[in-house]
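**Student:** The lines below spell out each chain.
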Amino acid sequence: MARVSQEELVKRRRRALIRTIIKYIIVIVVAVIPLIPIWLMFLWLIAQSFSSRVTFGIIPQGFTLENWKFLWSPFKMGLKEYPNIWPITLNTLFLALGVAGLEVLISSMAGYALSRMNFPGRIGLMQFIIALHAFPSVILLIALFIILNKIGLYGKGYMTLVGIILIKAGLEIPMASWIIKGFFDAIPWDLEWAALVDGCTRWKVWRSVILPLVLPGIGAISIFAFLSGWAEFLLVYTYVVGEEYYTLPVLIYYLIGELKFVNWGMLAAVGLFFTIPTLIFFSTTQKLLLRIYVGGVKR
Amino acid sequence: MVKVTLDNVSKFFGKVKAVVDLNLEIKDGEFVALLGPSGCGKTTTLLMIAGIYKPSKGRILFDDVDVTDLPPKDRNIGMVFQSYALYPHMTVYDNIAFPLKLKKAPKNEIDKKVKEVAKLLQIDNLLNRKPAQLSGGQQQRVALGRALVKEPDVLLLDEPLSNLDAKLRVLMRAEIKRLQKELKITTIYVTHDQVEAMSMADRVAVMRAGRLQQYAEPEVLYNKPVNIFVAGFIGNPPMNFIEGSIKEISGEYYFESEYFKLKLSKELGALAASKSSDVILGIRPEHIQVAFESKPNAIDATVYVIEPLGRDIVINVKIGEALLKILATPGLKLEPGQKIKLIFPEDKIHFFDKYTEKAIV
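From first to last, the protein sequence lines stand for chains A and B.
Throughout, this note's numbering is defined as the position within the first sequence, counted from one, plus 143.
Throughout, this note's numbering is defined as the position within the second sequence, counted from one, plus 1.
Read the hints as simulated data drawn from the structure, not as lab findings.
Sample of chain B residues facing chain A (criterion: CB under 7 Å; computed from the structure):
#, residue
1, A51
2, F82
3, A86
4, Y88
5, H90
6, P100
All residues carry an ideal CB built from backbone N, CA and C; glycine is no exception.
Let the hints inform the model, and build the full structure from the sequences given.
**Tutor:** Structural data, given as structure tokens:
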């Protein structure tokens, strides 16, 4: 190696320092600055919901729980009066958990089959599944309406929500199966064979050896499924007739959408309330997402 | 314990013939190694015995019961995989207990057996750990424990030592052999390492491209290989091969290659000549003798390079253009370029047919 002079060394060190600083600046510009508006909006939501008045759009004045009254006392929306927000929340939870449960159950089995089982048309099926995902639910609204009507799930209260669960899960199972298939693919065959030799049936292998290893994947799809069910607006808005079967997104829509004075404080509070279960669900399943196992082999 | 019989077993994957017409009998309590280079079908054979692959043709018998169509769980086998295949989400205890739980054994019996096996394998202090927290050698013991705890009729080992470091491998080699002799379980051991196969097994089945080459005791494989493949595969450094022909000149027999001529005894010469004239001479590196002065029937050679191995040295010599390896004890003072004489003891010479590659003598 050629010897480097002292000045050259100092120069190189300075250059390395500048490069590091530039790297940090880029990270800040790309990752932190775009987050600022989002955080500002959240701050506004919190400020707005707990104060009687907000000046300059962000500085709260006068702490109050007036806006959160919907939690314990009746409120009116349109012509209908609700005892409080909990029945609507339960509807939403019912929808979200239904979608998540159905999706996890079916896609974890379908993903296993796609990953591990040899049957004719497997590749074709996988391509078809991707194609299926290309349809947005909007273009299916009319067709789905006819189907719901035919099988008697339209305008039937909770049964309509069940219908929406079926639709929603049906639309998302293909993609979820694909995602979970990737997790199954990563499990070595050896592990499955070992379980077979140890005395499992194929079903038992799936349940007691394979499934625990794809928990991170199941965590991922259950989060996505839950969130998409929780936030589903279009299908509920279109198919649900009775106001007592509305979900939170539709409620929020009517809070703004009615031809009347908008109660910004309440809107902010409901909006914030709407995000709470999401945060809870995320923070509990996140552990699952991070609990990634290292296999039996040192790699 | 059972006797395992493979009766004309073949396995095809589409057009690929992984195993072709394999006949093998493993005696009750015997330790058999399946030896061959990667892709020779030895692991496929093992997986067929385990019941994970179904043979395309042929039958597999445990004692006299046809198990060809039985699923793995009904065969009572224990298996150790190359990757160990420990269940990462279970503790060592649960890993070992898993086969017993599946058998619905009572809890206290499971506990007793797991602890027994753990003690036998010296992993009783690791029972609460997860596989990821173990070293390679410990994982290997756990895998062995899981295979042994259900007291299998047949123990299948698929390259169990290949992920261990060299020192541990030598240690575990003896350990597994001792364990097998102690428990007297019929054991089938797959390996590509001839040293492992030779040192551990009662009998070795050498395979190549899905076909069985030779099935015999280690000494027989070493002393009487049936063809060039087996001769070259067994032994380290491998056997030297020299092409040539057997000539008879006025009642005397010679092996004649491009670079040298070797006089053969009448019996050997006549025997070899009666089978084939174009032959390949094979001689093991450890059987060639080095001399410095002229001796009858000695071959001239030039030292090419010397590889000291500590206990032995490997002398690479050239006879004309042919390169030979000789295993000798250190102490010989040799320099590259030095002229030496080689003596091939006649009882150590192998002759193979050049075309069929089969052993002649």
